[in-house]
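> Okay, here's what each chain looks like letter by letter:
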Amino acid sequence: MNETPRLQVESGNVVLSGQWTLAAMLPHLSQLREQLAEQCKDVERWDLSALNRLDSAAAVLLWRAWGNAWPVKLEISPLHRQVLARVAELPQEITAPPTQPFHPIEYIGNLLLKAWGNLRGIITLFGQLLLDIGFLCRHPGDIPWREFAANVYKSGAQALPVTALVGFLIGITISYLSALQLKNFGADLFIVNILGVSIVRELGPVLVAVLVAGRSGSAMTAQIGVMRVTEEIDALSTMGISRTIRVVLPKIIGLTVAMPLIVLWASGVALFGGMLAAMLQLDLSLSFFFESLPRALPVANLFIGLGKGVVFGFIISLVACYFGLHVKPNTESLSANTTSAVVTAITTVILVDAIFAVFTRHIGVPQL
Amino acid sequence: MNQPAIVELSGISTAFGRNFVHRDLNLRVEVGQIVGLLGGSGSGKTTLLREMLGLLRPTAGSVSLFGVDLNDPDALTQRQVRRRLGMLFQHGALFSALSVFDNIAFPLRELRCLDEDWIRRLVHLKLAMVEMDATHGKLMPAELSGGMVKRVALARALALEPELLLLDEPTSGLDPDRSQNFVELVGALQKALGLTVVMVTHDLNTLAGLASHVAVLADQHIIAFGPKDQVMTVDHPFVTGFFGADRRKLL
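Read top to bottom, the protein sequences are chains E and C. Under this note's numbering, the letters of the first sequence match residues 1 to 368, in that order. Under this note's numbering, the letters of the second sequence match residues 1001 to 1251, in that order.
These are calculated hints, taken from the structure and not from any lab test. For clarity, every value in this text was computed on a predicted model and none was experimentally measured. One or more hints might be untrue.
[Claimed, not checked] Incomplete in silico selection of chain E near chain C, CB under 10 Å:
id	residue
1	23
2	60
3	110
4	114
5	118
6	332
For every residue, glycine included, the Cβ atom is placed at its ideal position computed from N, Cα and C.
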């Protein structure tokens, strides 16, 4: 059997033979196209009766070579004629889908509108949560305790190792770098103040927020998003189970409760790391550290840190759930929304942290 | 005369844990056959199909497509083999991030030697083949109805003009009219291109209209394989139960 597609000229006829299929043509494609273009100029009689196979890719190739018209004389088996006829029936000019030109102003406008839409959506979700909490207060039997506990475990307990590790290392780094500077001024003892205020009040909450946004926030968005893609959310609704009460609320309350605890844990470990470094670098004993810490660090700082933890946890989970609920049923949207959730959560957390710093500037600063 | 084998399964055993799905199973599909693979739910039909595609490796035994063993380590050979077959997944498996047009154009673009005009014409040809409007090309898979997903998936499976077409439940979710059209379409393609088709189906009408051969999978084996009319007379509880009273109608 003759496999390769071939084109010959025999006594004024163009004779095609072999297998004219995409797979068979691929190795000889450029050669075949040249030959076809050459023949089409002068020969108008085509003999395709010796063809073994003709698929639609080859039919399109021939049809284009013929200039979108039947040749004057064509010999072909009825089966192959059908294949060509299908190509002939297509509209001649198939226009490419129009591409949108890029307008910077339109682009920025769209971004702003989207941001505005997201803000409204998050406020709506917040309102829905308040309504749900009101509902649960009237019907305490419906409180999803198990989901709540599961979320505290997943986003809280399981985050302990990674936050401890990061906190410990940051504590060591800050303590070490500060000690180098303080030594020059002979102000070694102030290491306690620096570590205490910076870690408990600022670094602990923000560090944990960034970690948790990447860890639990993205997981929440992805989970709710996939539940939307696979219509599980709709299945819940049809069973008369509110998606916000059963899916969203436990996540948000869970993280809001777990977050200050993680902050406390991470701050403690970071302080410990700082103490170790100070002990090795400045020869400050641990007992001195423990004695002077309460003096250097008014307890208000601890409350500010924990308060930040509560607010950050709430923001991260609210943003994550909002973006999860707005995933469209395709993979692209899932990845885009997970990215947006993490980026938005971290940005908002740092923005809120700045606001915190402004409003609590008179509170908890140690007087010397 | 012995035609060359397109699909050859020899000594296939598949086990999930300790649970054997296939045990020493043999099947040989030749050029131009349209084989309907029958079997009860959970008898491992889809598993067998996935093994033919090389998506799943059998516990023992070998699978050859077009005479090439799927265990062949050469990546280029494997790609050549994959380009000669088209698969229609049960739920379509369309790329959800691409439009209908791009879904069908995707395998063509992957060849990297066709120009855009050629691809555009081919895509529209395939869309017309499965009776879809050119305007549907702009839609995203999420916006399609179940039947449309199936037809787009078929168009994508046909995009590379495969020699072997594997169909997993091709007509489930189509209305009877469309499924009849589908049967005619695949039948016509088979005649025009000499396609070989292996399909898993539960639909008797599809089987009656399309299949030339029937393979029955039961008790971890192919208990019967041969031309349709021969298989229907096999005396096995599954066969009699499956065809039941319809046996006469199908002949």
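> Now, for every hint given, state plainly whether the structure supports it.
Do the hints match the structure? See the list:
no.: 1; hint: 23; result: 6 Å, holds
no.: 2; hint: 60; result: 5 Å, holds
no.: 3; hint: 110; result: 19 Å, violated
no.: 4; hint: 114; result: 19 Å, violated
no.: 5; hint: 118; result: 21 Å, violated
no.: 6; hint: 332; result: 4 Å, holds
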